Structure formats: C-alpha cells, structure tokens
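S.K.: Please build the complex by placing chain D on the supplied structure of chain L, with the hints as guidance.
Quick mapping for you: the protein sequence lines, in order, are chains L and D. Residues in the first sequence are numbered from 1 upward in steps of one, following this note's numbering. Residues in the second sequence are numbered from 1 upward in steps of one, following this note's numbering.
Accuracy of the hints is not assured; some may be wrong.
Unchecked claim - Derived pair list, reagent style BS3-like, types lysine-lysine, alpha-carbon separation capped at 25 angstroms:
{"no.": "1", "chain 1": "D", "residue 1": "K188", "chain 2": "L", "residue 2": "K35"}
{"no.": "2", "chain 1": "L", "residue 1": "K150", "chain 2": "D", "residue 2": "K106"}
{"no.": "3", "chain 1": "D", "residue 1": "K107", "chain 2": "L", "residue 2": "K144"}
{"no.": "4", "chain 1": "L", "residue 1": "K133", "chain 2": "D", "residue 2": "K131"}
{"no.": "5", "chain 1": "L", "residue 1": "K35", "chain 2": "D", "residue 2": "K118"}
{"no.": "6", "chain 1": "L", "residue 1": "K141", "chain 2": "D", "residue 2": "K107"}
{"no.": "7", "chain 1": "D", "residue 1": "K85", "chain 2": "L", "residue 2": "K113"}
{"no.": "8", "chain 1": "D", "residue 1": "K106", "chain 2": "L", "residue 2": "K125"}
{"no.": "9", "chain 1": "L", "residue 1": "K35", "chain 2": "D", "residue 2": "K106"}
{"no.": "10", "chain 1": "D", "residue 1": "K85", "chain 2": "L", "residue 2": "K35"}
{"no.": "11", "chain 1": "L", "residue 1": "K113", "chain 2": "D", "residue 2": "K118"}
{"no.": "12", "chain 1": "D", "residue 1": "K157", "chain 2": "D", "residue 2": "K188"}
{"no.": "13", "chain 1": "D", "residue 1": "K136", "chain 2": "L", "residue 2": "K125"}
{"no.": "14", "chain 1": "L", "residue 1": "K144", "chain 2": "D", "residue 2": "K106"}
It should be emphasised that the hints constitute simulated quantities derived from the structure, not laboratory data. Being a predicted model, the structure only gives us computed values, none of them experimental.
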Amino acid sequence: MSHNRGLTMVLVLVVLGAVCMTHAEDTKSPAQSSKIPKGAKVFVAPIADGFDTYLKDAIAAKKVPVEVVGNREVAEFEITGISETQKASTAKKVLFGNWHSREEASIQVSNLKSSEVIWSYSVHKEASGHGKKSTAEACAKHLKDEAIEK
Amino acid sequence: MHSKNPLIALVVALFVVCAAASPQFALSSIFYQNDSAQDQKSATKDSQPASSEPSKPAAADLKPASSDEGQLATVNNAKIPAYAKVYVAPMLGGFENYIIAGLRNKKVPLIVVVDRAKADYEISGVSESEKAGWAKMLFMGSQNSNEQASIKLSDLKTGAVIFGYSVHKANSIRGRQSAGEACAKHIKQIVID
Numbered sequence: 001m002s003h004n005r006g007l008t009m010v011l012v013l014v015v016l017g018a019v020c021m022t023h024a025e026d027t028k029s030p031a032q033s034s035k036i037p038k039g040a041k042v043f044v045a046p047i048a049d050g051f052d053t054y055l056k057d058a059i060a061a062k063k064v065p066v067e068v069v070g071n072r073e074v075a076e077f078e079i080t081g082i083s084e085t086q087k088a089s090t091a092k093k094v095l096f097g098n099w100h101s102r103e104e105a106s107i108q109v110s111n112l113k114s115s116e117v118i119w120s121y122s123v124h125k126e127a128s129g130h131g132k133k134s135t136a137e138a139c140a141k142h143l144k145d146e147a148i149e150k
Numbered sequence: 001m002h003s004k005n006p007l008i009a010l011v012v013a014l015f016v017v018c019a020a021a022s023p024q025f026a027l028s029s030i031f032y033q034n035d036s037a038q039d040q041k042s043a044t045k046d047s048q049p050a051s052s053e054p055s056k057p058a059a060a061d062l063k064p065a066s067s068d069e070g071q072l073a074t075v076n077n078a079k080i081p082a083y084a085k086v087y088v089a090p091m092l093g094g095f096e097n098y099i100i101a102g103l104r105n106k107k108v109p110l111i112v113v114v115d116r117a118k119a120d121y122e123i124s125g126v127s128e129s130e131k132a133g134w135a136k137m138l139f140m141g142s143q144n145s146n147e148q149a150s151i152k153l154s155d156l157k158t159g160a161v162i163f164g165y166s167v168h169k170a171n172s173i174r175g176r177q178s179a180g181e182a183c184a185k186h187i188k189q190i191v192i193d
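Just chain L, with the same shape it has in the complex (with noise of 0.2 angstroms):
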C-alpha cells in the first residue's frame, strides 16, 4: 500500500518537473527573439515616397533568402516602415561642397501570425552617396546578417 502511494508521489512530482522546464523554456523564448526562416514569404508594405521598390530591389541585390510577395495574405512576416529624403540645399553645396542627399530610414519586420515585431533597423547618412537606394541596401544587408536564421 505504501508501496503504491511512493510510485504516485513520484509520478506527480516527475509530473511536476516537467511542467516546470517546459514553463521555463516558455520564459526563455521571448529573450532569443525568433527569426526569419530561409525561403520564407515576406510581404514589403508601401513605404513613403515609394522606398518600398527601392527595398525590394536591394533584398533582391544583396541576395536576402526570402521570398517577396505581392499579396500580404500569403506572406507570413511583412516589411513596414518608413523613409525620408532632404535633398541638398543651395547652402550645403556652396558651404559644404556636398551635393548628397541626407537619408533616413527605419524598417521593421512582424510575424503577421503573432503580431509580433521580430527585428527593426533605422539607417540615417547624412551624405548618402546613392541616395534612398543607399539606405535601402543598408536595411536589406543588416535584414540578411541579422535577422534571417543561419
């Protein structure tokens, strides 16, 4: 009878211990922030002054392994940001001799299931020698380095 009684006390508490790893891997989780899977379909929201075309060609040029879509409901992660350009001003060219605009951008990436923000990124040159397209190769780059799983 004791006998019994030992073996459902340790089957509780085995119990017991694994309900308390699996709550400790769930505490874990946030803190690892989850990536963007290879091969994954990404939508790229439209972004002010029409960055969003520059960002897709700059995913496509740095070779991001993800897949672009044009519809958000097939897309599982989706692209949202926003982007400014100030043209160089009759000032700055004769002053400073700089004839480059000055950017500014910041992109997020969410899972669309969970809502959840997985990786953001702002850029800002101040005499960005291509322009938006500059900005929008350096968001893709650090998109690819950072935030896709290896």
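M.R.: What follows is chain D alone, placed relative to chain L:
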C-alpha cells in the same frame, strides 16, 4: 523508516532539477505576481485621484530623474516586467519606427506588437524635426538637425501613465535615430530585467 528515506531524497533531487532548469522560476513565479500586482495597485492608485483632481495629483506623483539629454519622469517609481507586450502607437513623421528600432538597438527586453489588442502597455508621443537652415550652416558650420520628441508609456488595463520622457537634441548627428534611441535607453531603465 528506511523506505521513506529514498522517497525524500527523490523529492529533494527533483526540486533541485526543477530549480536548475529554471533558476528564476521558483522565485519569479512567486515574486513576479506580487510585483505586477503592486504595479497594478500603484497604477490604479495613480489613476483614481486623477479622475477627481486632474492636474495636482499627477504633478505630485511625477518624480524627475537625472538624465543627460532629456527629462525623465516616472510615477511612483513604477516598473514594467521584462518581455511585456508593448504597442507603439503611430506618431507624426513615423517616429514610432525609430523607437522600435531603438528598443532593439538598446536591447530593451520588451516584445513589440503591432496589434494594440494584444499589448499590455502602449507607447505614444510626438516628435519634431527641424532641418539645419542656411544661417546655421553659415554661422555654426553645422548641417545637423534639431530633434525633439516626447513619449509616454501607459498601462492599457488601468489607463495610467507610468512613464514619460522628453528629449531635445540641438545638433543630432543621426537625426531621428538618435532621438528614438534616447527614448529607448530611458525606457530600459524602468523595465525589470
């Protein structure tokens, strides 16, 4: 008597395994609830007088903290738990994107969600950017912009504002990115890691 000893040893061993597998679980599961409950209490306490007397109690609860580039205020030293879900509301000029990027860059342990309904807290605010004019370029020799932003973090359940921060950068080298990162750096101060 002898048959009980292995059982006790097994119980102790299992407890040790559990504690080793999740070092914070034993403590956090107990204290985390208390902390959050305490925060809830403080938040509700803050929100109650605000409804009766709108201006005075809010000003009394705000505690300024030292900051190098901006002003920071927390309500009764309120904290938010790590990995809480935060929604960043749209701001003028898309400044929310820079805050989200700043949160990641400064490694703030929060989960940003794009759906407000799934969030526990909300960050909202306003930002303004002033580009360098010809006079600034000529007399100051600077082509950096002036940036200013002000954000607040509120608990979506209670509606209480638990944190506020404003930043002003006269010559922001990285533009809005700098302001967004400054906001994120100070949000990190109130997150319990």
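S.K.: State for each hint whether it applies.
M.R.: Hints and how they fare:
For a cut-off of 25 angstroms, the pair hint linking D:K188 to L:K35 stands: about 22 angstroms separates their Cα positions. The suggested pairing of L:K150 with D:K106 holds, with an alpha-carbon distance near 23 angstroms, which does not exceed 25 angstroms. With a C-alpha separation of about 19 angstroms, the suggested pairing of D:K107 with L:K144 holds against the 25 angstroms cut-off. Straight-line distance between C-alpha atoms of L:K133 and D:K131 comes to about 22 angstroms, which keeps the hinted pair within the 25 angstroms bound.
For the proposed pair L:K35 and D:K118, the alpha carbon gap of about 20 angstroms is at most 25 angstroms, so the pair holds. With a C-alpha separation of about 20 angstroms, the suggested pair L:K141 and D:K107 falls inside the 25 angstroms cut-off, and the hint holds. Taken as a hint, the D:K85 and L:K113 pair is honoured in the structure, with Cα atoms around 15 angstroms apart against an allowance of 25 angstroms. The suggested pairing of D:K106 with L:K125 holds, with an alpha-carbon distance near 20 angstroms, which does not exceed 25 angstroms.
Restraint check for L:K35 and D:K106: satisfied, since their Cα atoms lie roughly 18 angstroms apart, inside the 25 angstroms limit. Taking the CA atoms of D:K85 and L:K35, the gap is near 18 angstroms; set against the 25 angstroms cutoff, the hint holds. Using a Cα cut-off of 25 angstroms, the hinted pair L:K113 and D:K118 holds, with the two alpha carbons roughly 12 angstroms apart. In summary, the hint linking D:K157 to D:K188 is supported, as the alpha carbons are separated by about 21 angstroms, within the 25 angstroms threshold.
For the suggested pair D:K136 and L:K125, the alpha carbons sit about 19 angstroms apart, so the restraint of at most 25 angstroms is met. A C-alpha spacing of about 20 angstroms is found between L:K144 and D:K106, which places the hinted pair at or below 25 angstroms, so the restraint holds.
Figure legend: structure checked against the earlier numbered hints; every hint is met.
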